[in-house]
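K.L.:
Okay, here's what each chain looks like letter by letter:
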Amino acid sequence: MINILYFASFREVLGQAEEQLPVTHSTVSELLSELAARGDHWKVALADNANLQIAVNHDVASRETVIKAGDEIAFFPPVTGG
Amino acid sequence: MSDTPFIKIQQDDFDLTTEVAKLRQGHKDIGAVVSFVGTVRDINEGDEVSVLELEHYPRMTEKALEKIRLEAHERWKLESSLIIHRIGKMYPTDQIVLVAVSSRHRENAFHAAHFIMDYLKTNAPFWKKETLPNGEERWVDSRVSDKEAEQRWAK
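If you're matching them up, the sequences are chains A and B in order. One rule links them: number in our numbering = place in the first sequence (from 1) + 100. One rule links them: number in our numbering = place in the second sequence (from 1) + 1123.
Careful, some of the hints might be misleading.
Derived lysine-lysine pairs resembling DSS-like cross-links, with alpha carbons at most 25 Å apart [claimed, not checked]: (1) B:LYS1190 with B:LYS1200; (2) B:LYS1145 with B:LYS1186; (3) B:LYS1190 with B:LYS1278; (4) A:LYS143 with B:LYS1252; (5) B:LYS1151 with B:LYS1186; (6) B:LYS1186 with A:LYS168.
Example chain B residues on the side facing chain A (calculated, C-beta under 10 Å, incomplete) [stated by the list, open to error]: (7) GLU1171; (8) VAL1174; (9) GLU1178; (10) TYR1180; (11) VAL1220; (12) ASP1241; (13) TRP1250.
FRET-style restraints, in silico, Cβ to Cβ [to be verified]: (14) A:HIS141 with B:GLU1168: 19 to 27 Å; (15) A:MET101 with B:GLN1134: 28 to 36 Å; (16) A:GLY170 with B:PRO1215: 25 to 33 Å.
Derived by calculation from the structure, the hints in this document are not laboratory data. We put the CB at the ideal spot given by N, CA and C, even for glycine.
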């Protein structure tokens, strides 16, 4: 299984903060395609979003990053701290 | 929780004098301390702001901040450094963030504090949501100017 986290506006738009999915994808990009199939909200917020920020196991990642069982994958909008 | 006493993510406010004293403790070779305190404005994008709520990604935040802090130590000769970032609800005039660095000479401390703040703005997973006086809530958009500020430090 992989653990997926959604933060800030994504959590609100997608209606959830966290979920677990079986590993059927080899990269973040493949995971995004699966999530996009859930509907427009998902497609617009994640797969089609040029400003999408991705982290795998607490490090900045990209759509090409390889994922494996036990990974924590987070999706969030550009950060606005400070 | 943070693995280092030099990174703190907390709901509580902080006291600049106390924190700077801790930063200087045990370092007799310090000749310069630079600190930056970010505070909550009562106006953003032309609208009055009543409440600012800070969300973060636990664990990744600490990791990202520690990476920024260590990079500052690699780039400039520093004696000590500290980053405190608050989370949760804050109100206009509240303190949000503290970056403090010490070095033997002022030049390094000035540069390092500036660098840490610029990188924190674009690399640490925090998100701001503001509430307007009419109760409307909105997520704060990232700024192109922050990205440009980060790029001035590109090697």
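K.L.:
Taking the earlier hints as the rules, which of them does this structure contradict?
P.N.:
Per hint list: 5, 7, 8, 16 violated.
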